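Trainee: Produce the complete structure using the sequences and hints provided.
So the sequences go chain by chain: A and Z.
In terms of the working numbering, the first sequence is numbered consecutively and its last residue is 175.
In terms of the working numbering, the second sequence is numbered consecutively and its last residue is 410.
Here are the computed lysine-lysine pairs in the DSSO-like style, where the Cα-Cα straight-line distance is at most 27 angstroms:
{"no.": "1", "chain 1": "A", "residue 1": "K166", "chain 2": "Z", "residue 2": "K13"}
{"no.": "2", "chain 1": "A", "residue 1": "K168", "chain 2": "Z", "residue 2": "K13"}
{"no.": "3", "chain 1": "A", "residue 1": "K126", "chain 2": "A", "residue 2": "K8"}
{"no.": "4", "chain 1": "Z", "residue 1": "K301", "chain 2": "Z", "residue 2": "K13"}
{"no.": "5", "chain 1": "A", "residue 1": "K166", "chain 2": "Z", "residue 2": "K386"}
{"no.": "6", "chain 1": "A", "residue 1": "K145", "chain 2": "A", "residue 2": "K63"}
{"no.": "7", "chain 1": "Z", "residue 1": "K319", "chain 2": "Z", "residue 2": "K301"}
{"no.": "8", "chain 1": "Z", "residue 1": "K386", "chain 2": "Z", "residue 2": "K319"}
{"no.": "9", "chain 1": "Z", "residue 1": "K36", "chain 2": "Z", "residue 2": "K110"}
{"no.": "10", "chain 1": "Z", "residue 1": "K301", "chain 2": "Z", "residue 2": "K232"}
{"no.": "11", "chain 1": "Z", "residue 1": "K386", "chain 2": "A", "residue 2": "K168"}
{"no.": "12", "chain 1": "Z", "residue 1": "K13", "chain 2": "Z", "residue 2": "K319"}
With the Cβ distance kept under 8 angstroms, some of the chain A side facing chain Z (calculated, not the full set):
{"no.": "13", "residue": "E161"}
{"no.": "14", "residue": "K166"}
{"no.": "15", "residue": "K168"}
{"no.": "16", "residue": "L169"}
{"no.": "17", "residue": "F170"}
{"no.": "18", "residue": "W173"}
{"no.": "19", "residue": "N174"}
{"no.": "20", "residue": "Y175"}
Everything labelled a hint here was simulated from the structure, so no lab data went into it.
On a predicted model such as this, the values are computed, not experimentally measured, just so you know.
Glycine residues also receive a C-beta, built at the ideal position from the N, C-alpha and C atoms.
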Amino acid sequence: MTNSEAAKIVRTILCRGLTNQQTEQIVNAMVPTTVTSGNTVFREEERGQGLFVLLDGTVEVVKESGPGGAVIIATVEAPSVLGEMSLITDRAHSATVRARTNCEFRLLTRPQFDRLLQGESLAAYKVVATLADVIAWRLNRMDEKFVELSRRGENPQPVEELAMFKQKLFNEWNY
Amino acid sequence: MSGFEEVNYYFRKAARVMDLSTRVERMLVTPFREVKVDVSITLDNGDLGTFIGYRVQHDNTRGPMKGGLRYHPTVDMDEAQGLASLMTWKTAVVNLPFGGAKGGIAVDPKTLSPRELERLTRRFVQQIHDIIGPQRDIPAPDVNTNAQVMAWIMDEYSRMHGFSPAVVTGKPVDLFGSRGREEATGRGAVMALEEYLRDAGQGDVRGKTFAVQGFGNVGSWTSRFLHEKGGKVVAVSDVGGGVFNRAGLDIPRLVEHARTTRSVAGFPETEAITNENLLLLDVDVLVPAALGGVITDDNVKDVRARLVLEAANAPTTPKADEILHQRGVVVLPDIFVNAGGVTVSYFEWAQNIQQFTWDEERITTELSRHMREAYATLSRLVRERKVSFRTAAFIVAIGRVGRATVLRGV
Numbered sequence: 001m002t003n004s005e006a007a008k009i010v011r012t013i014l015c016r017g018l019t020n021q022q023t024e025q026i027v028n029a030m031v032p033t034t035v036t037s038g039n040t041v042f043r044e045e046e047r048g049q050g051l052f053v054l055l056d057g058t059v060e061v062v063k064e065s066g067p068g069g070a071v072i073i074a075t076v077e078a079p080s081v082l083g084e085m086s087l088i089t090d091r092a093h094s095a096t097v098r099a100r101t102n103c104e105f106r107l108l109t110r111p112q113f114d115r116l117l118q119g120e121s122l123a124a125y126k127v128v129a130t131l132a133d134v135i136a137w138r139l140n141r142m143d144e145k146f147v148e149l150s151r152r153g154e155n156p157q158p159v160e161e162l163a164m165f166k167q168k169l170f171n172e173w174n175y
Numbered sequence: 001m002s003g004f005e006e007v008n009y010y011f012r013k014a015a016r017v018m019d020l021s022t023r024v025e026r027m028l029v030t031p032f033r034e035v036k037v038d039v040s041i042t043l044d045n046g047d048l049g050t051f052i053g054y055r056v057q058h059d060n061t062r063g064p065m066k067g068g069l070r071y072h073p074t075v076d077m078d079e080a081q082g083l084a085s086l087m088t089w090k091t092a093v094v095n096l097p098f099g100g101a102k103g104g105i106a107v108d109p110k111t112l113s114p115r116e117l118e119r120l121t122r123r124f125v126q127q128i129h130d131i132i133g134p135q136r137d138i139p140a141p142d143v144n145t146n147a148q149v150m151a152w153i154m155d156e157y158s159r160m161h162g163f164s165p166a167v168v169t170g171k172p173v174d175l176f177g178s179r180g181r182e183e184a185t186g187r188g189a190v191m192a193l194e195e196y197l198r199d200a201g202q203g204d205v206r207g208k209t210f211a212v213q214g215f216g217n218v219g220s221w222t223s224r225f226l227h228e229k230g231g232k233v234v235a236v237s238d239v240g241g242g243v244f245n246r247a248g249l250d251i252p253r254l255v256e257h258a259r260t261t262r263s264v265a266g267f268p269e270t271e272a273i274t275n276e277n278l279l280l281l282d283v284d285v286l287v288p289a290a291l292g293g294v295i296t297d298d299n300v301k302d303v304r305a306r307l308v309l310e311a312a313n314a315p316t317t318p319k320a321d322e323i324l325h326q327r328g329v330v331v332l333p334d335i336f337v338n339a340g341g342v343t344v345s346y347f348e349w350a351q352n353i354q355q356f357t358w359d360e361e362r363i364t365t366e367l368s369r370h371m372r373e374a375y376a377t378l379s380r381l382v383r384e385r386k387v388s389f390r391t392a393a394f395i396v397a398i399g400r401v402g403r404a405t406v407l408r409g410v
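Mentor: Laid out in structure tokens, this is it:
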């Protein structure tokens with residue numbers, strides 16, 4: 001995939017609001033990467049390499065450390081973004097990503113991105129704003145999920161029916 | 001509504017007042033064991049007679065199960081279930097250490113000779129001997145069964161298990177029966193009435209007027225005790241008709257008349273009255289002491305008595321019961337009023353276990369204690385919770401059985 005084709009995709013999914021020139025700046029900072037079908041893009045618990053833009057192909061997101069062994073938690077098709085958290089923090093990847101088909105990526109590594117920020121690249125800050133939006137949206141979903149789970153917790157425990165009956169007979173109806 | 005449905009109707013009503021869950025309700029209603037057996041005998045003419053015997057054991061949480069055996073063509077599992085549960089509640093209301101059971105044989109005993117009846121009874125015992133017993137289930141007389149039938153049951157059971165007079169009650173006094181058993185239901189009913197009158201500030205039986213429907217065991221003994229205590233029994237009836245005298249009937253003479261003529265009808269110095277009209281007389285207390293289902297929503301509006309003393313089982317239909325309650329007519333319910341019978345059965349069983357005989361005075365004193373204590377509990381509940389005596393009785397019974405159940409554990 002040519003740089004200009006890649007730039008179009010990067011712009012639509014990562015850099016809305018970037019000028020052509022700014023997009024070019026970001027795309028130029030990226031490294032093209034391909035992963036053939038069945039191979040791993042990155043592994044859970046590994047230190048994050050950076051942000052992957054999936055230009056072509058399909059990947060599986062696999063949670064390996066969960067109870068009951070590896071579980072595919074999502075299938076992601078191009079165009080999409082993976083590993084975006086690693087641009088902002090040093091944390092390890094929270095899941096494994098495996099190529100289901102032959103895949104083409106552009107990788108923006110953390111050192112490259114840091115360099116752009118240090119150079120006060122407006123493009124890089126716009127990318128941060130986009131990521132902030134994505135992360136805020138995820139946080140919002142997490143909050144909703146949390147509320148749902150805590151509501152489930154509020155439901156009374158399955159009461160001991162016989163114990164209730166006993167209490168009724170010994171207190172309220174002890175004749 | 002069948003007997004079973006009626007019992008469950010009143011049970012449910014009490015359960016609703018107590019706000020019990022449906023699963024607890026189901027647990028309390030479901031019988032412990034139901035048994036259906038073949039009772040085949042050789043008839044006198046050499047033919048084979050096959051009958052079906054039933055025993056439903058409803059609940060044994062509070063003690064060995066207790067309840068009658070009846071010989072009647074309509075006996076079936078449904079009827080036995082309802083009556084067995086009624087026995088559980090009844091023994092609990094008067095606080096006897098018993099559970100409830102009921103059973104019988106689907107047969108018309110009038111078609112059998114005495115020897116056939118004996119063979120039938122012994123065969124039935126052979127079929128159920130392993131589920132009855134002095135500490136398991138203790139049968140008693142019921143419709144069409146009497147002291148003689150109980151004697152056969154005791155004998156047949158004792159052949160298999162050794163000497164066991166306590167396996168049945170209602171035996172002849174000459175064969176480990178109890179003094180005071182015959183008149184127990186009538187005596188208990190009058191005790192129940194006296195407790196109510198005293199509590200309600202209405203004095204005692206003396207001078208009050210009564211109409212008694214039924215002049216069998218319960219009706220005649222109730223009439224006798226009311227008469228002895230100065231009550232004016234103005235009307236009684238039986239299947240042959242009824243008699244009425246506004247000034248009061250001479251009960252001892254009437255008993256004699258009924259014994260010789262087999263009916264109260266035609267007793268001198270009285271007017272004839274039908275069974276239907278007896279129920280509508282303007283008296284202080286109406287005593288249905290014969291059949292079930294005689295006070296119905298058809299005639300209840302014409303009942304003029306201020307108080308109904310249910311000496312019979314289920315004489316008032318649920319709908320009529322509701323109307324009487326709304327009209328402020330107090331109904332002292334069967335489950336309490338006629339529990340004197342099973343109470344003295346308990347005394348008979350206790351004497352058999354003790355191998356000791358109580359005199360009549362002790363029987364009367366102990367019966368009075370059970371009826372008085374039961375009444376006091378019901379009265380407190382009626383006052384505190386504003387329910388009818390019937391609902392109160394079921395609440396007391398459910399409470400006692402329920403507490404025993406949860407304490408023992410499920």
